Amino acid sequence: MTLYRPDHFAIDDRAAIAHLVHDYPFATLMTPATPEPFVSHLPLLLVPEGGPHGTLIGHFARANPHWLHVDNVESRAIFHGPHAYVSPSWYGQPERMVPTWNYATVHMHGALEIITDAAETRGVLDALVQRFEGGRDAPWTLRMPERQRDAMVAAIVAFRIDVTRLEGKFKLSQNRAPADRARVAAALKKEGYAEATATAEWMERYANAGTHDDPDR
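Residue numbers for the sequence shown follow my numbering, beginning at 117 and rising by one.
These aren't lab readings, by the way, just hints derived from the structure by calculation.
This one's a predicted model, so the numbers in the text were calculated from it and none came from an experiment.
Everything hinted at is true.
Subject to a maximum C-alpha distance of 20 angstroms in a straight line, what follows is the list of computed DMTMM-like cross-link-like pairs (lysine to aspartate or glutamate):
1) Lys306 <-> Glu317
2) Lys285 <-> Glu311
3) Lys285 <-> Glu317
Distance windows between CB atoms, simulated:
4) Asp278 <-> Met117: 16 to 22 angstroms
5) Trp256 <-> Met117: 34 to 40 angstroms
6) Ala270 <-> Asp128: 38 to 44 angstroms
7) Glu262 <-> Glu320: 48 to 54 angstroms
Every residue, glycine too, gets a C-beta built ideally from N, C-alpha and C.
Please model the entire structure based on the sequences and the hints provided.
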């Protein structure tokens, strides 16, 4: 499967892709299988070492059967960035427009490798805790008794994905005139919810100048 990416929405900038993965780390992980693929929703961290495009690390609950069938199987992690509805009324000629949706997404591909070493599994867990607790005023740390800690580590299955292929798609009104993009961003900021505000901010940061007539949605 290949992500549909018209040229004006395709993003290959590694910094922009890393920005999305960092700010929106809760991913959809898909691995082909028969009779249907395995799908899990879980946080993933991108570290620069490893594959051509870095390495994703994360873990399953051991009770999740996903991990039992996927070692060294090509998988896809989908990261969903900001997204919001765009009204035709926000354009300069609304009668010629249709409703659409602006969004940013990144797909990362690579073989999923199960980590069996307990110390390395603990390292993945520590990295996740540090990522999501490190910026807090009083960060939680893993300080439970050793037996309880080991039991918790045994209840998860860590993995890595060396990323061999990236697909970034930022659909942020690049196919519209600069004035229309500015109207859309301003209108999104007035919508009053965080996702719309974030979409406007990503438009201002990443939407390229130029116009197209492609009505892709």
